[in-house]
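From just these sequences and the hints, can you work out the full model?
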Amino acid sequence: MSRTIDRSMVGEEFDHTEFPRITEAQILAYAASYGETDPRYTDPAAAARGPDGGLIAPPTFAVSLRGRHFMPRELPRNIGRNGFDAGKDIEIGVPIRPGDVLTASSTVHDIYEKTGRSGTMTFIVFRTTVTNQRGETAAVVDQKMMFR
Amino acid sequence: MILDLHAHSDASEDSRAPLESYLKWLQRKRDLLPIDGIVLTEHRQWDAAADYRDLEDRYGILILRGAEVETDYGHILVYGVNDDITRRFDFTNVRLSAQEVVSEVTRLGGVAAPCHPGRPTIGLCEHYERKPPLDGVVAVEALNGGSRRGENERVQGLIERHGYGAFGGSDAHLVSLIGICATEFDDDVRSVEQLVAALQGGRYRPVDFREQVRAARGGA
Numbered sequence: 001m002s003r004t005i006d007r008s009m010v011g012e013e014f015d016h017t018e019f020p021r022i023t024e025a026q027i028l029a030y031a032a033s034y035g036e037t038d039p040r041y042t043d044p045a046a047a048a049r050g051p052d053g054g055l056i057a058p059p060t061f062a063v064s065l066r067g068r069h070f071m072p073r074e075l076p077r078n079i080g081r082n083g084f085d086a087g088k089d090i091e092i093g094v095p096i097r098p099g100d101v102l103t104a105s106s107t108v109h110d111i112y113e114k115t116g117r118s119g120t121m122t123f124i125v126f127r128t129t130v131t132n133q134r135g136e137t138a139a140v141v142d143q144k145m146m147f148r
Numbered sequence: 001m002i003l004d005l006h007a008h009s010d011a012s013e014d015s016r017a018p019l020e021s022y023l024k025w026l027q028r029k030r031d032l033l034p035i036d037g038i039v040l041t042e043h044r045q046w047d048a049a050a051d052y053r054d055l056e057d058r059y060g061i062l063i064l065r066g067a068e069v070e071t072d073y074g075h076i077l078v079y080g081v082n083d084d085i086t087r088r089f090d091f092t093n094v095r096l097s098a099q100e101v102v103s104e105v106t107r108l109g110g111v112a113a114p115c116h117p118g119r120p121t122i123g124l125c126e127h128y129e130r131k132p133p134l135d136g137v138v139a140v141e142a143l144n145g146g147s148r149r150g151e152n153e154r155v156q157g158l159i160e161r162h163g164y165g166a167f168g169g170s171d172a173h174l175v176s177l178i179g180i181c182a183t184e185f186d187d188d189v190r191s192v193e194q195l196v197a198a199l200q201g202g203r204y205r206p207v208d209f210r211e212q213v214r215a216a217r218g219g220a
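Those protein sequence lines, which keep their order, are chains L and G.
Residues 1 to 148 (my numbering) are what the first sequence spells out, left to right.
Residues 1 to 220 (my numbering) are what the second sequence spells out, left to right.
It is worth saying that the hints were derived from the structure and are not from the lab.
All values derive from a computational prediction rather than experimental measurement.
Where a beta carbon is used, it is the ideal one built from N, C-alpha and C, also for glycine.
Misleading hints may appear alongside valid ones.
Stated by the list, open to error - Some chain G residues flagged as far from chain L (calculated, every beta-carbon gap over 10 Å):
1) W25
2) P34
3) R44
4) Y52
5) D83
6) T92
7) V94
8) E104
9) R107
10) P120
11) D135
12) R149
13) D187
14) R190
Unchecked claim - Computed cross-link-like contacts, DMTMM-like style, restricted to lysine to aspartate or glutamate with a CA-CA straight-line distance of at most 25 Å:
15) K114(L) <-> E13(G)
16) K88(L) <-> D57(G)
17) K29(G) <-> D57(G)
18) K114(L) <-> E104(G)
19) K144(L) <-> D85(L)
20) K88(L) <-> E13(G)
21) K114(L) <-> D90(G)
Quick look at the structure:
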């Protein structure tokens with residue numbers, strides 16, 4: 001049960017992906033997928049008259065952007081194989097708009113252990129920073145995985 | 001004087017409760033929860049620079065700080081954390097020696113008190129079934145707001161057998177759970193030093209507000 005966690009990966013970038021230009025259809029499809037009704041995300045004409053001056057992506061859109069690698073390839077050997085999604089935190093930056101070219105950089109942000117009713121758990125936080133073509137941060141997504 | 005001795009703000013990775021939201025909640029629920037102060041006991045960490053005096057003044061609620069560390073006898077609340085204690089122990093280590101924590105924290109001016117002792121794996125009761133009792137424990141968290149059915153009840157025997165002082169804490173990780181279990185002190189506690197002295201002195205008891213909170217929500 002006892003193992004020493006290797007924190008040497010913390011800070012290491014394991015994926016860097018530039019996505020195809022974001023389209024209006026992509027944003028509308030994402031919003032429709034969960035029944036969004038706010039015209040800022042669903043109605044280009046209404047959004048153009050609204051505070052954002054045009055259609056923008058819903059705040060959680062950045063989570064749908066997956067890089068080539070979800071986690072570093074060597075991580076399972078280091079930590080264990082039985083992992084599951086332990087939640088996400090999203091920090092929203094500038095709005096994502098049709099025409100944006102987004103880049104996602106993913107790093108191992110943190111590795112820590114904790115003990116609970118069921119024993120010792122190792123948590124790894126993968127941080128994906130999404131920036132647009134102007135270098136502005138559109139979102140920072142912390143994806144937590146639990147391994148035991 | 002009533003203090004919630006065990007609470008986690010969003011500085012703990014598994015809590016989503018901003019400290020100020022706790023204070024607003026307690027201010028608003030004053031008739032149900034007569035809590036004079038809270039002790040933040042973040043998981044496996046200590047922020048020496050944190051300063052909550054502005055919030056204390058704004059809300060009129062005492063804010064003290066401790067830490068919850070993880071040991072080979074389960075989780076332990078450390079009150080009176082100081083530079084000597086943080087130099088002595090790596091709070092992020094989940095395999096600290098409980099005996100060292102209890103003995104050394106006491107020697108260095110604090111109090112180390114096992115929390116949620118009735119909880120499986122991370123509570124003192126289970127460890128006492130197969131390991132010798134710890135020397136120097138003065139108090140345990142007899143009433144924990146996050147305990148499941150039967151876990152708090154398990155602690156009574158432990159307290160009777162070992163003569164431990166009994167205190168209470170909400171173990172809140174969510175705003176609406178702050179203050180549901182707490183500790184009533186006979187003496188005034190206005191600082192961490194006074195808290196340490198009071199816990200060593202024994203003139204306190206756990207207080208349980210869960211029923212009245214439940215009743216106020218219409219669920220009694």
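Going down the list of hints, with the structure as the test:
The claim that W25(G) lies off the interface holds: its Cβ sits roughly 22 Å from the closest Cβ of chain L, which is beyond the 10 Å cut-off. No Cβ of chain L approaches the Cβ of P34(G) within 10 Å, the least distance being about 31 Å, so the stated non-interface status holds. Under the 10 Å C-beta cut-off, the non-interface status given to R44(G) relative to chain L is violated; the minimum distance is some 7 Å. Listed as a non-interface residue, Y52(G) keeps its Cβ farther than 10 Å from every Cβ of chain L; the least gap is roughly 23 Å.
Every Cβ of chain L is farther than 10 Å from the Cβ of D83(G); the closest lies at roughly 23 Å, confirming the non-interface assignment. For T92(G), the requirement that its beta carbon stay farther than 10 Å from each beta carbon of chain L is not met, with the minimum near 7 Å. Look at V94(G): its CB is around 5 Å from the nearest CB on chain L, not clear of 10 Å, so calling it non-interface is violated. The claim that E104(G) is not at the interface with chain L holds, since no C-beta of that chain comes within 10 Å of its own (minimum 20 Å).
Consistency note on R107(G): stated as away from chain L, and its beta-carbon is indeed over 10 Å from all of that chain's, at 25 Å minimum. With a least beta-carbon separation of about 5 Å from chain L, P120(G) fails to lie farther than 10 Å from that chain, contradicting its non-interface assignment. With 10 Å as the threshold on Cβ separation, the claim that D135(G) sits away from chain L holds: the shortest Cβ distance comes to roughly 22 Å. Separation of R149(G) from chain L is adequate, the least Cβ-Cβ distance of about 13 Å exceeding the 10 Å criterion.
Residue placement check: D187(G) keeps its beta carbon more than 10 Å from all beta carbons of chain L (closest about 34 Å). Listed as a non-interface residue, R190(G) keeps its Cβ farther than 10 Å from every Cβ of chain L; the least gap is roughly 32 Å. Restraint check: the Cα-Cα separation between K114(L) and E13(G) comes to about 10 Å, which is no more than 25 Å; the hinted pair holds. Distance hint between K88(L) and D57(G) is unfulfilled; the C-alpha atoms sit about 34 Å from each other, more than 25 Å.
Our distance criterion of 25 Å between C-alpha atoms is met by K29(G) and D57(G), whose separation comes to about 18 Å. With a C-alpha separation of about 22 Å, the suggested pair K114(L) and E104(G) falls inside the 25 Å cut-off, and the hint holds. With a C-alpha separation of about 6 Å, the suggested pair K144(L) and D85(L) falls inside the 25 Å cut-off, and the hint holds. As the CA atoms of K88(L) and E13(G) are separated by approximately 11 Å, the hinted pair is consistent with the 25 Å bound.
Of the supplied pair hints, the one linking K114(L) and D90(G) holds, its CA atoms being roughly 14 Å apart against a limit of 25 Å.
Hint compliance for this structure: hints 3, 6, 7, 10, 16 are not met, and every other hint is.
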